[in-house]
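**Q** Each chain, letter by letter, is given below.
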Amino acid sequence: MRKFYTLLSREVRSYFHSPIAYIVLIFFLIISGIDFYFQVSFMNQRQVQYTVQEAFFNSVFFWFAFVLIFPLITMRLFAEEFKLGTIEPLMTAPVRDGHVVLSKFFGALVFYLVLWIPTLLYFAIFLKVTHQPAAHSAGAYFGSYLMLLLLGMFYLSIGCLTSVLTNNQIIAAIISFCAITLLFFLGLVQFILLDVSSATRDLLGYFSAIEHMGTFSRHSNPANGGYDQWLKR
Amino acid sequence: MIKVENLTKRYAGQPAIQDLNFEVGQGEIMGFLGPNGAGKTTTMRILSSFMPPTSGRATVAGFDVFEQSLQSRAHLGYMPENVPLYNDMRVTEYLDYRAALKAVPHRRIAERVGDVKELCGLKEVEKKVIGTLSKGYRQRVGLADALLHEPDLLILDEPTIGLDPNQIRQVRELIKNLGKQHTILLSTHILPEVEMTCSRVIIIHKGRIEACDTPENLLGKIRQAGGVVLEAKVGVDNGGEELKKISGVRDVTVDADGDWKIFSLRVESGTDVREEIFRLAIDRHWTVRELTQRRATLEDVFVELTHPDVV
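The listed protein sequences correspond, in order, to chains R and X.
Under this note's numbering, the letters of the first sequence match residues 454 to 686, in that order.
Under this note's numbering, the letters of the second sequence match residues 310 to 620, in that order.
Hints in this document: simulated from the structure, not taken from any laboratory.
Please read these numbers as outputs of a predicted model, since none were measured by experiment.
All C-beta atoms, glycine included, are put in the ideal place defined by N, C-alpha and C.
One thing to keep in mind: the hints can contain errors.
Claimed, not checked - Listed next, the in silico DSSO-like pairs over lysine-lysine satisfying Cα-Cα at most 27 Å (straight line):
1) X/312 x R/536
2) R/456 x X/437
3) X/485 x X/312
4) X/437 x R/536
What the hints assert, rightly or not - Covered stretches of chain R (chain X as the covering partner; in silico rule of three or more C-beta atoms under 8 Å from a C-beta of chain X):
5) 455 to 463
6) 466 to 474
7) 585 to 595
Kindly generate the complete structure, drawing on both the sequences and the hints.
**A** As structure tokens, this is what we get:
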């Protein structure tokens with residue numbers, strides 16, 4: 454376990470040693486900031502049926518940034534070790550393969566979570582400025598961030614896999630970007646392929662993250678019970 | 310310490326090493342010699358559990374490198390060729406990290422890292438980022454890393470490649486000193502290095518072991534033990550033809566330097582023809598300015614075993 458912790462702390466530190474981390478952080482904060490600003494100003498202009506929190510997590514801006522960050526976070530994990538040859542001293546030290554893989558995955562997850570922390574501020578600032586909550590309830594936030602965590606873990610694991618397949622970071626990034634984008638937007642196929650059977654549509658929708666994000670936001674709606682009841686328990 | 314039995318590794322059907330059998334005993338410094346692509350790195354990677362063999366078995370300190378690789382890896386310090394390191398870390402930070410990874414007890418890490426920095430002369434660069442270090446220092450960081458957990462066995466792949474002559478000398482001294490406490494398997498192209506440091510030598514060629522012996526025995530085994538150089542004024546005589554008649558001389562090549570002729574003689578091993586040459590020179594009234602026997606080197610052994618057509 455101590456070795457796993459050692460590996461993990463190196464992974465996390467190596468993110469913040471590299472300029473890519475800061476570029477990704479800045480890029481992500483700009484996109485999500487623009488997203489939040491546009492959603493709020495759009496809602497100011499007309500009557501809408503949804504909350505700021507729902508709008509923020511279901512916009513095109515969000516989708517764009519969301520599918521793009523995973524290849525950027527995971528592309529270097531194994532590909533860089535292969536390229537530099539550092540995989541050799543790593544794997545010839547008395548460490549378990551599982552520890553190495555898990556440390557890389559959780560290292561990426563820590564960085565991914567760090568990316569999201571500033572977005573909590575948006576909602577805090579919104580409340581402070583408008584004296585209105587950005588969502589119906591605490592459960593709505595909980596549901597959204599739970600969705601981010603679970604989807605994040607899923608896509609990071611895809612990124613880890615593609616990074617093992619090659620020693621070229623760019624190739625790893627492109628493969629994982631394609632795979633993640635495909636999975637994310639698979640549900641939209643039903644709007645293009647109109648003549649497929651409903652079973653096929655359901656199947657495609659089941660693999661699509663967008664569909665599940667819908668489920669998350671439904672469950673975070675207090676009208677449906679949602680996470681609030683679960684949180685109160 | 311190392312036991313290798315019928316070790317074979319194929320890449321896409323092409324054998325890289327075939328049926329290797331050898332043993333390295335406790336406290337030995339074993340030199341691993343061979344031309345590029347002979348299978349040295351492949352063998353070392355298998356011994357360090359970096360990749361599995363296609364067939365055969367290898368054990369380190371009694372542990373199978375494949376079945377019990379965690380235990381066998383705990384007993385060896387491996388320095389890969391070209392010393393790959395994390396360029397974004399500082400020297401001390403890297404060594405601390407490696408020590409923890411190699412299960413050096415927490416309270417001993419500072420002491421061990423201090424010791425290996427001292428031993429490998431890394432004190433003056435301990436705070437530097439590894440990416441900014443010169444080749445020589447990177448090499449030393451790799452060596453320091455291999456020594457951190459006081460392994461019984463050191464496997465060093467080309468430890469002196471890319472170093473300048475002073476650094477080579479330092480690393481060689483270091484290896485010699487380490488050999489007092491550790492078993493060492495090192496690979497190299499540089500033959501004087503092996504002659505100076507190793508107690509035994511394996512010569513590997515095209516994935517097979519061509520020879521495995523002490524450097525002295527290897528020198529005795531080859532067909533010709535070096536040769537003799539004669540520089541003389543021979544007048545109108547055809548010196549080359551005369552010299553060839555001496556028994557034991559296999560071949561003579563002649564170069565000219567003004568009036569002087571330089572004869573390079575290749576002789577059968579175990580024969581000393583200098584006395585005969587001396588008599589011949591007196592007989593023919595040749596003026597001699599040099600008569601030397603060139604000692605055979607490991608290089609001759611190496612060339613003879615790996616490139617028989619050149620000899």
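**Q** Compare the structure with each hint and give your call.
**A** Right, here's what the structure says about each hint:
1. X/312 x R/536: violated, 31 Å
2. R/456 x X/437: holds, 25 Å
3. X/485 x X/312: holds, 22 Å
4. X/437 x R/536: Within the cut-off at roughly 23 Å; holds.
5. 455 to 463: With 5 residues in contact (Cβ-Cβ under 8 Å with chain X), the coverage given for the region 455 to 463 of chain R holds.
6. 466 to 474: Contact hint for the region 466 to 474 of chain R vs chain X: holds, 3 residues under 8 Å.
7. 585 to 595: Violated: only 0 residues of the region 585 to 595 of chain R have a Cβ under 8 Å from chain X.
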